[in-house]
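If you read the protein sequences in the order shown, they are chains U and D.
Residue numbering for the first sequence follows the working numbering, starting at 1 and increasing by one per position.
Residue numbering for the second sequence follows the working numbering, starting at 113 and increasing by one per position.
No lab work stands behind these hints, which were simulated from the structure alone.
Just so you know, these numbers come straight off a predicted model, no measurement behind them.
In this text, a Cβ means the ideal position worked out from N, Cα and C, and glycines have one as well.
Just so you know, nobody snuck in bad clues.
Partner residues aside, some chain D positions facing chain U, computed with beta carbon under 8 Å: (1) Q153; (2) G154; (3) P155; (4) L157; (5) L203; (6) T212; (7) Q213; (8) Y214; (9) F215; (10) G216; (11) P217; (12) G218.
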Amino acid sequence: GDSVTQMEGPVTLSEEAFLTINCTYTATGYPSLFWYVQYPGEGLQLLLKATKADDKGSNKGFEATYRKETTSFHLEKGSVQVSDSAVYFCALLNFGNEKLTFGTGTRLTIIP
Amino acid sequence: EAEVAQSPRYKITEKSQAVAFWCDPISGHATLYWYRQILGQGPELLVQFQDESVVDDSQLPKDRFSAERLKGVDSTLKIQPAELGDSAMYLCASSPSGDTQYFGPGTRLTVL
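Produce the entire structure from the sequences given, and follow the hints as far as they go.
This is the structure we're talking about:
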């Protein structure tokens, strides 16, 4: 079945550091890929998405590129801020069953 | 910007009591989802509606959980009787049929 594997956290960085959170997936067909962010006590917010190979999703300085050859969708940001502290979830949507499959989440803490 | 609404935001109940959660999706979104998120994990799908019909409830514990979307708009998720292991965040999401899912703020349930 479909699955998503994220790098384990927690991840702690200093403000203005470069961020990478790794995500790889296993799926049949050609899924869409997503990054969601969850701030403490809140629901999930869509951060970015990509629907086909080589697409790059971007939002609020975050980027991720759909790499079919490596089945990856790594999240990157060039300079993180304290306000980026949250839990980040990688997910895939398989249009065969319209199910959204999530990774376990990566907790990110940014220190001033 | 339209949002998914959920209530209550927090619910504390005792074991064996009944609880109910409400969700109002983004207007025009035909597909509605209920997820359960245990602390430290990613969300897991409980039930998916297309308009008023259930299309997937394979992960819903039907001996105690029920869900309905009578007019194909808002939805209610009920647990009766609640058990200690039901303590979790319950998330509602909606999408315009098979596309990106948008999440509400969630209901945090604590069973004592």
